[in-house]
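Asker: Sequence:
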Amino acid sequence: MPYGREPDTEGYESCDIRESRPVMRSAAVSLLVIVTLSCFSFGCSSVSRLAAVPEDQTSAATIYGINNARYVLDQGRPAELVAEFRRSNERELAAARNRSVKPANYLSISGGSDNGAFGAGLLVGWSERGDRPTFKAVTGVSTGALTAPFAFLGSGYDPALQELYTNIDAQDVFSRRATIVALAGDSMADSAPLFGLISKYLDDQMVERIAAEYRSGRLLFVGTTNLDAAKPVIWNIGAIAASGHPKAKELIARILLASASVPGLFPPVMFDVKVGEATFQELHGDGGASAQAFLYPPSVTLASVVSSVNNRKRTAYIIRNGRVDVEWKQVDPRTLTLAQRAVSTLITSSGIGDMYRIFATARRDGVNYRLALIESDFTESSATPFDRAYMTSLFEHARAKARAGFPWRSTPPGFAQ
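FYI, the numbering for the sequence shown is 1 to 417, going by this note's numbering.
Calculated from the structure, these hints are not laboratory results. Even for Gly, the Cβ is constructed at its ideal location relative to N, Cα and C. Hints are not guaranteed to be accurate.
Heads up, simulated DSS-like pairs for lysine-lysine below, C-alpha to C-alpha not over 30 Å straight-line [what the hints assert, rightly or not]:
| id | residue 1 | residue 2 |
| --- | --- | --- |
| 1 | K313 | K247 |
| 2 | K401 | K102 |
| 3 | K247 | K200 |
| 4 | K329 | K313 |
| 5 | K247 | K231 |
| 6 | K274 | K249 |
| 7 | K329 | K274 |
| 8 | K313 | K102 |
| 9 | K274 | K247 |
| 10 | K401 | K313 |
Label-pair restraints from in silico Cβ distances [stated by the list, open to error]:
| id | residue 1 | residue 2 | range |
| --- | --- | --- | --- |
| 11 | A96 | G405 | 24 to 30 Å |
| 12 | G276 | P159 | 43 to 49 Å |
| 13 | T279 | E128 | 45 to 51 Å |
| 14 | D325 | G276 | 46 to 52 Å |
Construct the complete structure from the given sequences, taking the supplied hints into account.
Answerer: Here you go:
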């Protein structure tokens with residue numbers, strides 16, 4: 001679940017961590033450095049797998065024969081994704097039965113590990129205020145990927161969303177592996193508890209609800225990183241749910257797990273894919289390794305996909321499950337400490353870059369921009385990963401702000417109008 005703090009090193013998760021919380025980030029960087037040095041000195045055996053998809057065939061690979069299950073983002077306009085947007089608009093118009101189409105609201109939820117409690121609390125408080133919209137499209141990365149299906153399906157799933165972010169501990173997310181096992185394997189921790197948590201909530205009814213919303217013209221996208229190709233992948237969760245494939249539910253659960261799986265800390269998720277009649281295997285990890293949040297690729301313009309619904313009002317809401325500051329501290333000039341500090345700074349800067357990318361894309365396309373993030377008015381911290389008390393406090397903090405009318409930013413941090 002809440003996995004993915006900003007991109008990826010928080011210990012046993014991903015993304016956006018404040019330096020004041022040594023929790024997972026420090027542990028993660030330390031473990032990664034230890035693993036790297038150990039493998040360099042002594043060698044590490046690899047986990048067996050099928051051959052990866054050849055580089056020149058990456059975009060041609062399919063899974064379960066669902067042609068629009070995902071989109072590999074290369075340079076240039078992703079024509080297949082544009083076509084999917086167009087089809088969604090056609091389905092939306094058909095569902096509206098010639099009535100006027102409502103304003104289009106988009107929601108992007110970032111990574112952030114246990115800081116995912118912020119976005120969950122905001123959504124629940126927004127529902128309680130009574131003016132939370134239905135979103136035309138919802139996207140999620142890492143912990144945001146785990147939140148996204150609940151946000152997509154609306155306030156009826158708020159109790160489950162609240163439970164997910166206020167009723168768990170670290171043991172519900174990962175189990176540590178013995179050092180010798182970890183060094184010889186594919187990760188420092190086992191993500192089986194997280195997969196069990198995902199499977200608990202992702203039942204047949206939820207999958208069917210996602211499929212029904214997809215058929216009405218709405219979109220639910222989740223980001224992962226194809227580690228073989230080193231490319232971001234957007235998974236079309238609604239299309240998978242609506243495919244009728246007997247393994248659709250399991251596939252969606254594995255995608256959500258992959259989006260939250262930090263390479264080196266959690267095992268990568270393997271997907272068997274086909275290119276023609278040949279079978280290959282892809283390794284996917286945390287979407288935060290590519291982007292901590294996304295709305296739609298800058299290579300897609302709304303003008304290229306909207307046509308007959310071109311005049312509707314559009315608003316993009318971005319929930320960043322983290323802060324934008326790295327706390328000042330005097331750094332001890334030691335290898336691990338320096339590595340930890342550099343990674344946390346890089347992660348924060350990368351997350352801010354994602355906010356600017358979405359802002360530039362939205363401004364180009366005439367989409368209103370609304371950003372929420374953890375501000376300085378929340379001062380609590382936790383000493384351990386997935387501290388239930390910390391997550392509950394953060395959840396209630398965001399919930400109270402949303403009930404009162406959340407003070408959305410209209411520009412990225414530091415942007416001068």
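Asker: Hey, K401 versus K102, does the alpha-carbon distance stay inside 30 Å?
Answerer: OK: K401 and K102 at ~26 Å, within 30 Å.
Asker: Has the given pair, K329 with K313, been kept, meaning a C-alpha gap of at most 30 Å?
Answerer: Not satisfied, since the Cα-Cα distance of roughly 45 Å exceeds 30 Å.
Asker: Decide if the proposed pair is consistent with the structure: K247 and K200, CA atoms, cutoff 30 Å inclusive.
Answerer: holds, 16 Å
Asker: Between the alpha carbons of K313 and K102, is the straight-line distance 30 Å or under?
Answerer: The given pair, whose Cα atoms are some 8 Å apart, holds under the 30 Å limit.
Asker: Between K313 and K247, is the straight-line Cα distance small enough, at 30 Å or below?
Answerer: With a Cα-Cα distance of about 37 Å, the restraint between K313 and K247 is violated, given a limit of 30 Å.
Asker: Quick one, are K274 and K247 close enough, alpha carbons at most 30 Å?
Answerer: The hint holds at about 16 Å.
Asker: For the pair supplied as a hint, K274 and K249, is the alpha-carbon distance within the 30 Å limit?
Answerer: holds, 19 Å
Asker: Does the Cβ-Cβ separation between G276 and P159 fall within 43 to 49 Å?
Answerer: Roughly 46 Å apart at Cβ, these two residues keep to the hinted range, so it holds.
Asker: Would you mind confirming whether the straight-line C-alpha gap from K329 to K274 stays at or under 30 Å?
Answerer: Distance of about 50 Å is beyond 30 Å: violated.
Asker: Do the Cβ positions of A96 and G405 conform to the proposed distance bound of 24 to 30 Å?
Answerer: holds, 29 Å
Asker: Holds or violated: 45 to 51 Å for the Cβ distance of T279 and E128?
Answerer: At roughly 49 Å between Cβ atoms, E128 and T279 fall inside 45 to 51 Å, so the hint holds.
Asker: State, for the Cβ atoms of D325 and G276, whether the hinted interval 46 to 52 Å holds or is violated.
Answerer: Because 50 Å falls inside the window, the suggested range holds.
When held up to the earlier numbered hints, the structure conflicts with 1, 4, 7 and fits the remainder.
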